[in-house]
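Student: Here is how the chains run, residue by residue.
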Amino acid sequence: MNTGWIRCGAALILLGTCHAAGKLGQFEAKGSYTGTPANLTLSATVEPAPQDKGAAGGIYVAALVQNDWLVLGPTGWVPSTMGFPAYRTGPLANTAVPVLSNLDVAAIECAQVFAGYGRTLDAMVGEMTYRSIYQVPALWPRTTPLPCSSMADADAARFLKQATFGATEAEIANVKQLGLAAWINAQFALPASRYPNLPETPSSRPAECDNICGRDKYSLFPLQTTFYKNALTAPDQLRQRVAFALSQILVVSGNEINMAYSYAPYQNILVDNAFGNFRDIMTQVTLSPAMGRYLDMVNNGKPSSASQQANENYARELLQLFTIGLYQLNQDGTVVRDGNGLPVPSYDEEMVRKFALILTGWTYPVKPGAAPAKYNPSYYLGPMVAVATNHENSSKALFNGYVLPAGQTPEKDLADALDNLFQHPNVGPFIGKQLIQHLVTSNPSPAYVARVSDAFANNGQGVRGDLKAVVRAILLDPEARGGMRSEVNYGHLREPVLVGTQLLRALGGQSDGVWLIGQNRSLEQNVFNSPSVFNYYPADYALVDGTEAPQFGIYNTNTAIARVNHLYSMVVSATATGNVITPGKPDTTVVGATGTSFDLSPLVALAGDPAKLVDRLNVLLLHGTMQPTMRDLLVKQVTAAGTDPLVRTRTAIYLTAASTAFQVER
Amino acid sequence: MNMTRRDLMRAAMLAASASGFGWMKALAAPASDYKALVCVFLNGGNDGNNLIVPLNTDEYTAYATVRGGLALPKTSDTPNAALLSMGAPKSQPGREFGLHPALSALLPMWQQGKLAVQCNVGSLVAPLTMAEYKANRNRPYSLFSHSDQQAQWQTAESEEVGRTGWGGRLADAALGLNGGVTIPSLISLSGSTLFGVGRRTSPLVSPASGNFGLSGTGTSASAKARTEGIAALLGMDRNNILAAAANNALGTALNSAAIISPIINNGAAGVATHFTGLTGNFNAQLLAVAKLIEARAALGLSRQIFFVQLGGFDTHSNQISAQEGLFAQLGNSLAAFYKAMEGLGLANQVTAFTSSDFSRTLRPASGAGSDHAWGNHHMVLGGAVKGGDFYGAFPTLALKGPDDIDGAGRWLPTTSIDQYAATFARWFGVADSELTTVLPYLSRFNQTHMGFL
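So the sequences go chain by chain: A and B.
The first sequence begins at 1 in UniProt numbering and counts up one residue at a time.
The second sequence begins at 1 in UniProt numbering and counts up one residue at a time.
Hints listed in this document are in silico derivations from the structure and should not be mistaken for laboratory results.
It is possible that part of the hints are untrue.
Claimed, not checked - Looking from chain A toward chain B, a few residues come up when the C-beta cut is under 8 Å (computed):
id, residue
1, Y402
2, S573
3, G642
Claimed, not checked - Where chain B lies over chain A, by a calculated footprint (3+ residues, C-beta under 8 Å):
id, segment
4, 226-234
5, 257-269
6, 447-457
7, 504-518
8, 543-554
All C-beta atoms, glycine included, are put in the ideal place defined by N, C-alpha and C.
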């Protein structure tokens, strides 16, 4: 059953879904089927596109039969354990592929003809120039889903791990039904799940405000629970996921902005504009009182004398972290270098000073009932307001030869300066690459970044900065889609938040977020409370060899163990009532508390056969990428854990989730 | 970072048996002498202009005039508000300097000659004159940026992004001195740190206290199945770089945690008495370092480097009260740590020093704070320190003065991080011929150490 290194659910994740007479690109595998249960006939014809005829490579033809590949080699059809030879090598030409017939249908798990053209075996697995699939029609005399479906399941699951807070069985079905592009469009159309509009609270905590009140009003706790509830259950998953990524690029931390009422509007900017235009985000973030307070743009007055200077904090991070970054970038995200091979800076200190001056004159929104003042008292509902007399409005040379005129209002100066910044060619690759890294992979190829930069520069209708186009480009890119990736630097370490939400969603669990908040705090991802404006982990964090690995900024010997122990608390040691596991009981002081729990019954039912249990977790958690050596190990350990089906199930989940196969999402 | 097959087997052995560190002692060379360095990183960019303030009338007046609301008073009716007179540094008779009042706990160490100040040190590619700076020559990359200047302080590489820290490279150089012990000689009590990443060694990141080790290890069948499973998984998935890195860190952790955890959680550690009454995370980090040094025999290392960190120094606003609170933590805990080392008889063998992103502008910024600057003053504390003195050149506190690069009071450093770091590396036992391996820019500077050790 499991002799092959490729199994039905484990590989060959194809673009799109199965086709009755598959045709992707210009390369077609054809099949025929006679419906008599005793006999199946499959065949294929390779028809390369005219422009590709004559290209060098090899044609690989395989059929998926009885949970293993039969591959067509020089001696006919053989199991894949015999290797994976090219059926034909040399110039690509029209090729008729022999017939596979007289198969015992009752023993067949699924049957497909799969033909591909590529240079290598790896190309056959995941990256063929063309690929095509023929699937036996659905009159198949079996009740279990066809593995062809599970291949689509696997890509759907993988896609959902990039686009949401975790694949659920329902969402996988939804993706398969709609197709990827239509699913994304449907997500674009969903209304936003927002953070609550909270009434103003006094800036200093009143004496009568007890610990519960303090938690609910003078910390971000209610927003953190909202975050987790939305992450786990909100229909607008893609919006929530993109907003979470944006919140890690345009950072305001609860370390300073710690009143829930003052912070909620900031996250709503990101949720509301996750599918909007980046230019609007620039304005709204800049004028957010929370950001203004966090990075000192609020009440940044015109310098009163030579002994005072405009506050540079927001100006610097606006350039360095929020829009263009430190170095001039090519559209493919690579750094522009000078004649000595050194990176070329995007701006100098003088530019920071200019932006600091441009950003003078803004103060808190006017509190209801208060008179407008040069420096309004702190108040966080609505955008900051300008005081023209407190604004420095000399002329300044900005980027790309643009000169900001003298004598403008604070509003006009801001709009013009942000326009100038928005048009800087760095914004697309700088923001686009980070979004790729948050959603898909830490080391995207320059070509992938360039494709996303193109989408940022022009959404197809001449609009720059359209995040819908950017998100679509990121998720539908061939480098995001396709089979299990074999590049040595592919994927990204799952950040702690995603470990928890993706596990819970895969296991059909529920949570009010309370338990997750504390767990992820100890894993150095205390949601919305990053240590500094450089996020929980620096965007440019890299391993010693230069491999980019942002999430490794919070992965070290301490958190490595803590992450495994997090799984222990969640899965192994948590209270069980029957098969329902409860890592977090409802906190009675939290309104609407449900705690954190999940029901393992469906998995426990499989635990009599450890192999079945492990195979199911392979689908649920690893979208079919578990390697045979790992599968063998897990089956052995699960068996060794004893005969109690619940203990076996807990052991299996713990080890699967602790493995790098899960921790490093690929 | 590379984990050998033998390391993996050790990880597996350790994971399978909670007390399995007999092999560790067998490999450890007995410590003929012991030395430790403690890097105290002041995250966010500490304002050195209010760490040490000249008290001579003319200089103080110049300082107070520019600083305005950020000036610390020379005298005050409010207790603990006025600068503390340090008198004259040994080598600068006739001058007088004041220490920030919240650092009062460290004044006795200064007076006893155990605390030195390194003046105006910062990131440099090579010796740099003001004219060269203004001609845009030999500038470190991304001056004034937090992340980049933190990295430069930690890597001592200012031409381009460095991937290893000078602490890690120092740990590499000390591999021989440490006699083959594989537990990392660099321990961070404050999370991941570039400072500790070596070419051949990687840092151990430990919590300051609390659980450090796999939960649920035991002798039951299921516990064994889990722990053996975790250990075996470490050897899998080696082709993907990210997966291998994750497994390597976990392997190092499992190798070390069983030894470290009982030490940092030892409530009966003798050094703890010196920290009585002190609280907070930074204090917990220094207490853990003191405990680890007290229990150094269990690790068997003769050279150790520790990294601790105090955050919050990015005082763009409300600087006076923010820095005061941070300095109180810094001064009290560092003084307790020094006394703890004295109590162990190790004062001469342990040296602590500060680092930070950068200093801050002498000129205040809107919001009662200051902005990112460059050259900064740092403290060096220990029994081996030639203290009570200043090293390097104290800058002229004048806007557009000879040390100011742009009129905001940003000092062009007159000592480089390399020179500062090399002074510790030499004391640590790195041969002069090896110093450039640890500090690649060092040979560009005529003076290769500052003399405070």
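Student: Can you tell me if the segment 447-457 of chain A counts as covered by chain B, using C-beta to C-beta distances under 8 Å and a minimum of three residues?
Tutor: Answer violated; 0 residues pass the 8 Å Cβ test.
Student: For the segment 543-554 of chain A, does the count of residues with a C-beta closer than 8 Å to a C-beta of chain B reach 3?
Tutor: holds (count 9)
Student: Taking 8 Å as the limit, does the beta-carbon of A:S573 come near enough to a beta-carbon in chain B?
Tutor: holds, 6 Å
Student: Given A:G642 as an interface hint, is its Cβ closer than 8 Å to any Cβ of chain B?
Tutor: holds, 5 Å
Student: Please verify the coverage claim for the segment 504-518 of chain A: does it have three or more residues whose C-beta sits within 8 Å of some C-beta in chain B?
Tutor: violated (count 0)
Student: Within the assertion that chain B covers the segment 257-269 of chain A, do at least three residues meet a Cβ-to-Cβ distance smaller than 8 Å?
Tutor: Since three or more residues must qualify, the claim that chain B covers the segment 257-269 of chain A is violated, with 0 doing so at under 8 Å.
Student: So, as I understand it, the hint says A:Y402 touches chain B; can you test that by seeing if any CB pair is closer than 8 Å?
Tutor: violated, 22 Å
Student: With a cut-off of 8 Å between beta carbons, are at least three residues of the segment 226-234 of chain A near chain B?
Tutor: violated (count 0)
Violated hints for the displayed structure, listed by number in ascending order: 1, 4, 5, 6 and 7.
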